[in-house]
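Participant: Residue numbers (the numbering used here), protein chains in the order written: chain A, 1 to 413; chain B, 414 to 826.
Think of the hints as simulated: they come from the structure by calculation, not from any bench. Accuracy of the hints is not assured; some may be wrong.
Think about it this way: if two alpha-carbon atoms lie no more than 25 Å apart in a straight line, the pair counts; the simulated DSS-like pairs of lysine-lysine are [what the hints assert, rightly or not]: (1) A:K85 - B:K682; (2) B:K800 - A:K284; (3) A:K403 - B:K697; (4) A:K85 - A:K275; (5) B:K682 - B:K803; (6) A:K284 - B:K817.
Covered stretches of chain A, going by a simulated chain B footprint (3 or more residues, C-beta under 8 Å) [what the hints assert, rightly or not]: (7) 90-96; (8) 127-134; (9) 139-146; (10) 199-211; (11) 239-249; (12) 297-307.
Source: prediction; values computed, not measured. Ideal Cβ positions, reconstructed from N, Cα and C, are used throughout, including at glycine.
Here is how the chains run, residue by residue.
2 protein chains.
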Amino acid sequence: MHRLRVPQGTRSLLSLQLIGLASFSPSGMASISRALHCPAKCCSVKESGGSNKKSSVAVNGSGSLHGLKAAAAEVAYPLSAVTDKNAAIARQNIPREKQLVDPFRQGVIIDGGVRYRQTVVIRSYEIGPDKTATLETILNLLQETALNHVWMSGLLGDGFGATHGMMRNDLIWVVTRMHVLVDEYPIWGEVVEIDTWVGASGKNGMRRDWLIRSRLTERVFCRATSTWAMMNQETRRLSKMPEEVRDEISPWFIETRAVQEEALKKIDKLDDNAKYVNSDLKPKWSDLDMNHHVNNVKYVRWMLETIPDQFMENHQLSSIILEYRRECDSSDTVQSICEPDEESIPRDNNIRFLTGFSLAPEFLDGSGLLGTFDKWPTRYTHLLQVKGEKKDKEIVRGKTSWKKKMFKFSNCD
Amino acid sequence: MHRLRVPQGTRSLLSLQLIGLASFSPSGMASISRALHCPAKCCSVKESGGSNKKSSVAVNGSGSLHGLKAAAAEVAYPLSAVTDKNAAIARQNIPREKQLVDPFRQGVIIDGGVRYRQTVVIRSYEIGPDKTATLETILNLLQETALNHVWMSGLLGDGFGATHGMMRNDLIWVVTRMHVLVDEYPIWGEVVEIDTWVGASGKNGMRRDWLIRSRLTERVFCRATSTWAMMNQETRRLSKMPEEVRDEISPWFIETRAVQEEALKKIDKLDDNAKYVNSDLKPKWSDLDMNHHVNNVKYVRWMLETIPDQFMENHQLSSIILEYRRECDSSDTVQSICEPDEESIPRDNNIRFLTGFSLAPEFLDGSGLLGTFDKWPTRYTHLLQVKGEKKDKEIVRGKTSWKKKMFKFSNCD
Numbered sequence: 001m002h003r004l005r006v007p008q009g010t011r012s013l014l015s016l017q018l019i020g021l022a023s024f025s026p027s028g029m030a031s032i033s034r035a036l037h038c039p040a041k042c043c044s045v046k047e048s049g050g051s052n053k054k055s056s057v058a059v060n061g062s063g064s065l066h067g068l069k070a071a072a073a074e075v076a077y078p079l080s081a082v083t084d085k086n087a088a089i090a091r092q093n094i095p096r097e098k099q100l101v102d103p104f105r106q107g108v109i110i111d112g113g114v115r116y117r118q119t120v121v122i123r124s125y126e127i128g129p130d131k132t133a134t135l136e137t138i139l140n141l142l143q144e145t146a147l148n149h150v151w152m153s154g155l156l157g158d159g160f161g162a163t164h165g166m167m168r169n170d171l172i173w174v175v176t177r178m179h180v181l182v183d184e185y186p187i188w189g190e191v192v193e194i195d196t197w198v199g200a201s202g203k204n205g206m207r208r209d210w211l212i213r214s215r216l217t218e219r220v221f222c223r224a225t226s227t228w229a230m231m232n233q234e235t236r237r238l239s240k241m242p243e244e245v246r247d248e249i250s251p252w253f254i255e256t257r258a259v260q261e262e263a264l265k266k267i268d269k270l271d272d273n274a275k276y277v278n279s280d281l282k283p284k285w286s287d288l289d290m291n292h293h294v295n296n297v298k299y300v301r302w303m304l305e306t307i308p309d310q311f312m313e314n315h316q317l318s319s320i321i322l323e324y325r326r327e328c329d330s331s332d333t334v335q336s337i338c339e340p341d342e343e344s345i346p347r348d349n350n351i352r353f354l355t356g357f358s359l360a361p362e363f364l365d366g367s368g369l370l371g372t373f374d375k376w377p378t379r380y381t382h383l384l385q386v387k388g389e390k391k392d393k394e395i396v397r398g399k400t401s402w403k404k405k406m407f408k409f410s411n412c413d
Numbered sequence: 414m415h416r417l418r419v420p421q422g423t424r425s426l427l428s429l430q431l432i433g434l435a436s437f438s439p440s441g442m443a444s445i446s447r448a449l450h451c452p453a454k455c456c457s458v459k460e461s462g463g464s465n466k467k468s469s470v471a472v473n474g475s476g477s478l479h480g481l482k483a484a485a486a487e488v489a490y491p492l493s494a495v496t497d498k499n500a501a502i503a504r505q506n507i508p509r510e511k512q513l514v515d516p517f518r519q520g521v522i523i524d525g526g527v528r529y530r531q532t533v534v535i536r537s538y539e540i541g542p543d544k545t546a547t548l549e550t551i552l553n554l555l556q557e558t559a560l561n562h563v564w565m566s567g568l569l570g571d572g573f574g575a576t577h578g579m580m581r582n583d584l585i586w587v588v589t590r591m592h593v594l595v596d597e598y599p600i601w602g603e604v605v606e607i608d609t610w611v612g613a614s615g616k617n618g619m620r621r622d623w624l625i626r627s628r629l630t631e632r633v634f635c636r637a638t639s640t641w642a643m644m645n646q647e648t649r650r651l652s653k654m655p656e657e658v659r660d661e662i663s664p665w666f667i668e669t670r671a672v673q674e675e676a677l678k679k680i681d682k683l684d685d686n687a688k689y690v691n692s693d694l695k696p697k698w699s700d701l702d703m704n705h706h707v708n709n710v711k712y713v714r715w716m717l718e719t720i721p722d723q724f725m726e727n728h729q730l731s732s733i734i735l736e737y738r739r740e741c742d743s744s745d746t747v748q749s750i751c752e753p754d755e756e757s758i759p760r761d762n763n764i765r766f767l768t769g770f771s772l773a774p775e776f777l778d779g780s781g782l783l784g785t786f787d788k789w790p791t792r793y794t795h796l797l798q799v800k801g802e803k804k805d806k807e808i809v810r811g812k813t814s815w816k817k818k819m820f821k822f823s824n825c826d
């Protein structure tokens, strides 16, 4: 496992800052703060799978959501106390017990009670210029479903994760690596199913995997895997997994893998002699997440914005690998560096493949196709770093692969 | 009504660029492109409200979503054709007929078949540093629900809106004004209900209103209203509403208002002598929506980022009014200007009000409270403009009101 060291005294927690995902326990085993309490009637569903009238909901015809409404109305709740913290906790209504179904999140626990599945509609504001979900949307939905997995477990405390055993040992989760493969991007309005589950990673680590599928065709759009380690909150060093923690989380582990990876190759470190460099990137207040840290999705945005727009218009990301090195403070100024792999420029024979016949260059140009077949590399190496006085501080290394867009949703305005 | 003129030949459509909302018809009356077709079995629900077995879904206990799954599996769909446009349309599955229930979107048509209601869970990536939904999330959800209202109507064509009568008259919708009031921001994980409907605005305009409510307490978090006009796509001038268009859309109009507005006062125009100025704002590829225009939410982000972070940390927006003037091209460089209303600095007596007793300044400072009670103005005027060689081109004027955060969700990391 990659050894990850962070100097003591850095302001923010590595785990929470490195990636939006770190806002929750990826183990499905978040801590319960005993100070928090659930409102009078939780909508928990018995693990036996038996029907529970309090939470069961019929969505039939126009009667639809009224069942839910009625169930919600049964929860005693003081209207006058909405600015109070306990009232806020009641509004959040985080379950204290494991649930098998959440009708609001459209989530279910499947496969023997460890794997989570959620149905999601791609929203109008989650798509890019070509009407398909953006990579940012994909990453956001991975975060959301992982967190909802923990939510369903009945063990979610305040959203920052860590089991009781981890808390007793002053341990937190840190994400060290993430690999997302996108075969196809879902379209605006499309209904997808997202599965997520966890497994062991070596002796001391944990893996969280995801699959995003079309609900209609069952075609797999996206596969993703991530690796997590435990860090001591005080020493800022990686830690072994204590036995009591292993006992807590291992019942959730399954072997299934979303991504079959070959021997992992470390991503080369770039310097600022690279072809594309964006400097002076500064996080805004609106880029911060609930941990007051720059969100992981912002990192990826900074990475990808360093590639010229002309390339982005005609290509879609098919793979991204992220290797997290250290936290950056929200007051840091970040540099995004990107180097194309010149050997990854595709050969010329795919115009014929696409159209079935060869087209004269002037025709291609006239119909706007030429841009599509520009000689762009399709593999890039990335680095986000903080420029230091003596030494630059790496935040995350990345590697992306791209393919040309073969099909563009027409712009009918 | 405000007279809105846009020079002929500008590249993008005003309506589509001005606001993310403009990606759809706000009338609930989008056009149907006859070239598009629905897949074999649409999940439409009869308007009578009767149960339709194809689309009805039981979400009871662990059986939950399998009903939906089974329904989806009945739709014949060629797996091999996923890169084909018609296949993409099938995947989107836009209904051809009016629906009263959409189980995936958790939406229902209520109040005599004209008002739309959707249940939404606030997601982990939609919240800000204080664990509540951001204003951007609110605006995104207004867009999403308005669009889903049209989606449910069975009249949505390609998402860019306009009734058949409007298309015959070469008319498109433009949003001229928007007013959003937020009493309280929903919390991460909170379940909210969003209602939206349309009404007449003067002789030739349309109004779209929204209400966002807590599903648990029924407390209204947010009220919003917007005004729309019709513009001739060729002349770029505002148009009267043709009779045939009135006949199409007026059956959807209701009188109910989400916001009771007094006589509307035009927002003052700022110049760049204002207190806060951010120049050289450039849209990135990732800021563009499906119309290849800068999304309205990006506008609001640019507006609010001009206010210092120190203010943003301790205040929440309670009202925003936006007056749209003209489009900006995605290649334009934008300037964001902001002027505080110095008369809106609150009096000092609310520390006592909050705590019940007076606190010494050093105590307030030590506990971080002092920043909360800084002497910041609570009203701001905004302008986004494109700097022109001869004349600056206004994009949107804005006015915001803020209140101090009375309750902060603790950061427990």
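Participant: Now look at each hint and say whether the structure bears it out.
Facilitator: Structure-based check of each hint:
no.	hint	result
1	A:K85 - B:K682	violated (41 Å)
2	B:K800 - A:K284	holds (24 Å)
3	A:K403 - B:K697	holds (20 Å)
4	A:K85 - A:K275	violated (50 Å)
5	B:K682 - B:K803	holds (17 Å)
6	A:K284 - B:K817	holds (20 Å)
7	90-96	holds (count 5)
8	127-134	holds (count 6)
9	139-146	holds (count 3)
10	199-211	violated (count 0)
11	239-249	violated (count 0)
12	297-307	holds (count 4)
Taken one by one, the earlier hints fail for this structure at numbers 1, 4, 10, 11, listed in ascending order.
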